[in-house]
Amino acid sequence: MTIEIKTATLEPVRNTFAHIERRFGDKPATRYQEATYDVQSEEFFHYRPLWQPEKELNDPSRTAILMADWYDFKDPRQFYYGTYVQSRSKMQEAAENNYAFFEKRNLASHLPDSITEKLIRYLVPLRHLEHGANLNNMYASSYGYGTAITQACLYNGMDRLGIAQYLSRIGLILDGNSGDALAEAKLVWMNESIWQGIRAAAEKMTVTEDWFEVLVAQDVVLDSLMHDLIYNQFDQWLQDNGAQDIGMLTEFMQVWNKDTSRWVDATLKIAAAESDENKALLEKWICEWKGILLEALAPLADDMLGGDALSQAEAALDKRLTKAGLFK
Amino acid sequence: MSKVYIALQDNDESRYIVEAIEEDNPEATIIHMPAMIRIEMEGRLTVNRETVEEKMGRDWDVQELHLNLITLGGNVDEDDDSLSLHWNE
Amino acid sequence: MAKKLNIKDKYRLLTRDLDWEYSYEDRKEAFPFEEFEGIKITDWSKWEDPFRLTMDSYWKYQAEKEKKLYAIFDAFSQNNGHLNVSDPRYVNALKLFLTGVSPLEYQAYQGFAHVGRQFGGVGARVACQMQAIDELRHVQTQIHAMSHYNKFFDGFQDYSHMHDRVWYLSVPKSFFNDARAAGPFEFMVAIGFSFEYVLTNLLFVPFMSGAAHNGDMATVTFGFSAQSDEARHMTLGLEVIKFLLEQHEDNVPIVQKWIDKWFWRGSRLLTIVAMMMDYMLPNKVMSWKEAWEVYFEEAGGALFKDLARYGIKMPKYAETIEKEKEHISHQAWWTFYTHGHAAGFHTWIPTDEELDWLSEKYPDTFDKYYRPRWELAKEMEAKGERFYTKALPQLCTTCQIPMLFTEMDDPTLNSFRDTVHNGERYHFCSDGCKDIFEDEPEKYVQSWLPVHQIFQGNCGGPDVENVLSDFYRMNLGEDNMDMKGSPDEKRWKQWKGVA
Chain A
17 MTIEIKTATL
27 EPVRNTFAHI
37 ERRFGDKPAT
47 RYQEATYDVQ
57 SEEFFHYRPL
67 WQPEKELNDP
77 SRTAILMADW
87 YDFKDPRQFY
97 YGTYVQSRSK
107 MQEAAENNYA
117 FFEKRNLASH
127 LPDSITEKLI
137 RYLVPLRHLE
147 HGANLNNMYA
157 SSYGYGTAIT
167 QACLYNGMDR
177 LGIAQYLSRI
187 GLILDGNSGD
197 ALAEAKLVWM
207 NESIWQGIRA
217 AAEKMTVTED
227 WFEVLVAQDV
237 VLDSLMHDLI
247 YNQFDQWLQD
257 NGAQDIGMLT
267 EFMQVWNKDT
277 SRWVDATLKI
287 AAAESDENKA
297 LLEKWICEWK
307 GILLEALAPL
317 ADDMLGGDAL
327 SQAEAALDKR
337 LTKAGLFK
Chain B
4 MSKVYIALQD
14 NDESRYIVEA
24 IEEDNPEATI
34 IHMPAMIRIE
44 MEGRLTVNRE
54 TVEEKMGRDW
64 DVQELHLNLI
74 TLGGNVDEDD
84 DSLSLHWNE
Chain C
89 MAKKLNIKDK
99 YRLLTRDLDW
109 EYSYEDRKEA
119 FPFEEFEGIK
129 ITDWSKWEDP
139 FRLTMDSYWK
149 YQAEKEKKLY
159 AIFDAFSQNN
169 GHLNVSDPRY
179 VNALKLFLTG
189 VSPLEYQAYQ
199 GFAHVGRQFG
209 GVGARVACQM
219 QAIDELRHVQ
229 TQIHAMSHYN
239 KFFDGFQDYS
249 HMHDRVWYLS
259 VPKSFFNDAR
269 AAGPFEFMVA
279 IGFSFEYVLT
289 NLLFVPFMSG
299 AAHNGDMATV
309 TFGFSAQSDE
319 ARHMTLGLEV
329 IKFLLEQHED
339 NVPIVQKWID
349 KWFWRGSRLL
359 TIVAMMMDYM
369 LPNKVMSWKE
379 AWEVYFEEAG
389 GALFKDLARY
399 GIKMPKYAET
409 IEKEKEHISH
419 QAWWTFYTHG
429 HAAGFHTWIP
439 TDEELDWLSE
449 KYPDTFDKYY
459 RPRWELAKEM
469 EAKGERFYTK
479 ALPQLCTTCQ
489 IPMLFTEMDD
499 PTLNSFRDTV
509 HNGERYHFCS
519 DGCKDIFEDE
529 PEKYVQSWLP
539 VHQIFQGNCG
549 GPDVENVLSD
559 FYRMNLGEDN
569 MDMKGSPDEK
579 RWKQWKGVA
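Residue numbers (my numbering), protein chains in the order written: chain A, 17 to 344; chain B, 4 to 92; chain C, 89 to 587.
Mixed in with the good hints there might be a few duds.
Unchecked claim - Straight-line C-alpha distance at most 25 Å; calculated PhoX-like pairs for lysine-lysine: (1) Lys106(A) - Lys155(C); (2) Lys98(C) - Lys330(C); (3) Lys202(A) - Lys91(C); (4) Lys106(A) - Lys156(C); (5) Lys106(A) - Lys90(A); (6) Lys411(C) - Lys6(B); (7) Lys96(C) - Lys202(A); (8) Lys202(A) - Lys134(C).
Derived from the structure by calculation, the hints contain no laboratory data.
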């Protein structure tokens with residue numbers, strides 16, 4: 017059956033904004049397109065920044081990566097603010113249910129002390145590393161160019177703050193809200209030898225100048241390696257050792273990683289495909305940071321999992337890099 | 004003494020919040036404007052969670068206030084049980 | 089059973105303890121901009137979090153707001169909500185909003201993202217980051233709200249391109265460029281405190297009530313929904329000031345200087361809003377003067393009394409600013425009316441009813457100084473000689489507004505100031521703007537003044553028409569000129585079935 021609804025039609029004068037029409041043709045645009053393309057101011061800035069007088073306020077030369085059009089960095093998730101917060105709201109609702117269930121059933125009390133110790137030693141200190149990730153993504157968001165990539169970096173930066181807070185809540189669940197586990201994990205982060213290489217690398221990222229390099233070091237190299245070590249391999253170890261309930265508390269990070277990898281992989285691929293120069297530069301950065309981070313992660317991987325844990329993580333990273341068209 | 008103030012969107016939830024504010028701050032002035040409700044009071048104004056919960060008949064988190072808030076004037080103190088505004092003079 | 093944490097302790101544990109002392113790199117290199125402005129921070133841990141929203145709550149509440157907002161946008165466009173506005177003239181206020189204000193929200197995002205990375209204290213950083221993402225929300229929801237109007241009215245279509253180039257849009261653009269080009273603490277005093285705490289109330293609250301009064305549900309909704317974030321931003325702005333003043337007594341004169349500068353610059357910027365309220369809203373809510381009294385004099389007065397204990401005084405020129413509320417909206421609309429061929433929106437003579445309303449609201453000034461101009465304009469229009477000036481206006485080097493303001497003690501006399509720097513003469517609209525220049529001439533000599541740029545041949549040409557159509561990308565005969573006879577007006581009559 018066909019239903020015909022009769023309405024007095026009003027013909028629009030135009031389908032979308034002129035700059036969207038110039039890019040995509042005269043047709044109705046998506047909300048992502050209207051919220052993203054050409055929103056950032058590009059020319060005729062009035063004053064040079066006092067804090068960086070050699071650059072304009074918005075300046076593509078804050079990275080050595082060159083793009084003919086910075087709006088090539090389309091986010092495959094097509095996140096603008098509204099879709100971003102709605103996606104994260106759903107994820108946090110699930111997380112909230114998990115955390116509430118975990119706390120209500122007092123599942124932490126079923127964990128053997130040896131497991132609790134491992135969580136404080138390996139998992140909870142990651143909240144500091146996530147805080148570093150927050151800084152690095154904010155850096156890319158504020159120094160990057162073009163709304164397409166800078167808004168995605170901002171969303172990622174806020175995600176990392178959220179993850180740091182979830183990891184902190186895991187600590188509070190383990191210590192009955194006393195904060196002792198967080199204090200202990202911070203001591204581990206500050207002093208234990210297994211974390212010092214990682215902490216040094218995290219500090220180094222925050223003094224690295226080129227924002228695209230920071231993005232590659234953090235979101236590609238470090239995140240790939242760390243995700244595989246913690247949320248794949250250590251998670252498996254927890255399951256094998258009767259602590260599978262912890263998976264309820266790290267579900268958010270699992271779902272998040274899948275979501276964010278889509279964007280990170282696309283970003284890497286687009287930058288590499290732009291030119292041989294970009295590709296060479298990305299490969300150089302990746303080699304350097306991979307060298308630094310593999311060395312930094314070795315003591316942790318060894319202590320936490322032993323065996324070939326780190327080479328497994330490295331293989332996972334290499335697979336991503338190949339998929340992005342690098343090193344071939 | 005200067006006035007602190009808070010303005011809320013004029014909607015159903017706000018009406019309960021305004022009722023609660025009126026009950027806890029009898030001296031407050033309520034001003035209805037297009038699409039918004041403005042509440043002023045000299046010195047200090049407090050929104051109590053308990054009173055709002057009583058009016059709404061459900062649990063209410065003080066941070067939910069931000070869903071309907073348009074503007075405010077005064078120093079803010081926010082904790083689990085209330086949000087209050089005041090001027091130091 | 090675990091003990092219950094109160095919101096403050098929980099926030100401290102979840103957020104404030106995330107940062108750490110560096111051992112392997114110089115922390116100053118990671119946060120390099122904290123010292124060059126002369127501000128002294130002795131202890132970031134004294135920072136009081138203005139609100140304690142963790143990300144999970146942020147996502148939850150913001151998603152709820154967005155869901156409501158977009159449901160209304162959808163309904164608005166499905167039901168052709170633009171047909172419900174009081175009068176098609178109203179839509180021109182929205183054009184000015186999208187071209188002049190929304191891009192500022194974007195710059196606010198960029199500025200807060202910058203300080204949200206650069207501040208050394210995690211509490212301040214996180215509060216700024218949340219404001220950064222909120223500001224991105226505002227620009228995007230505004231674009232989406234205007235997207236429907238853009239389909240049915242002229243003048244919205246190239247807002248981003250126009251914001252970068254058009255003569256009067258350099259006023260808001262340079263204001264935010266100025267704040268972002270400054271150091272992180274000045275940025276916070278400029279935008280976080282002066283603009284957000286005092287001045288945005290004047291932009292959003294009366295204007296959004298005006299939108300409600302003129303049948304524009306889309307704008308009311310985004311406006312009030314954005315304001316619900318603004319309450320957080322205001323709290324942050326006030327906390328920043330208190331923090332700076334409490335950290336070190338040497339900060340007081342620096343902060344005072346910034347307050348003087350940014351309240352003056354802000355009051356100049358709001359001239360556009362004054363004009364929107366008094367002239368562009370067909371159904372009036374309150375006059376600019378009334379709004380100024382409620383939101384600046386009353387609310388701002390209470391604020392400065394509160395800050396007096398730190399030795400902070402009312403902004404310099406507060407007395408001049410007080411006199412200006414009687415004049416600026418009239419002076420600005422007259423300027424746009426006479427330059428209506430070069431504006432990206434329509435202008436018009438107020439109706440007789442509106443003129444009477446202005447007489448009533450401005451009993452001391454309107455009939456004496458401004459009504460006679462409109463009566464003359466009416467006569468000329470009746471004779472078919474609608475007046476447009478041929479001259480390009482001279483711009484103030486600091487605020488970039490055409491020299492349209494008068495001496496406040498003699499509203500028949502235009503206000504001109506000038507100064508010589510490195511052998512060049514620079515012109516200003518006021519003592520306030522001149523002082524700001526003289527304090528930092530190296531900054532303001534850089535101003536990209538649109539009229540200078542036209543004369544220097546940097547904006548195409550040779551005629552003004554070419555600049556407007558090619559460099560600004562205005563559709564001449566559609567976007568500009570008088571409301572009467574415009575395509576906007578013709579379409580409106582067609583939709584409404586009136587001749």
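Hints and how they fare:
1. Lys106(A) - Lys155(C): 12 Å, holds
2. Lys98(C) - Lys330(C): Distance ~23 Å between lysine 98(C) and lysine 330(C) Cα, so the pair holds.
3. Lys202(A) - Lys91(C): 21 Å, holds
4. Lys106(A) - Lys156(C): 16 Å, holds
5. Lys106(A) - Lys90(A): Holds, at roughly 23 Å.
6. Lys411(C) - Lys6(B): Holds: lysine 411(C) and lysine 6(B) sit about 23 Å apart, inside 25 Å.
7. Lys96(C) - Lys202(A): Cα-Cα ~20 Å, so holds.
8. Lys202(A) - Lys134(C): Given pair lysine 202(A), lysine 134(C) holds - Cα atoms ~21 Å apart, limit 25 Å.
In summary, the structure agrees with every hint in the numbered list given earlier.
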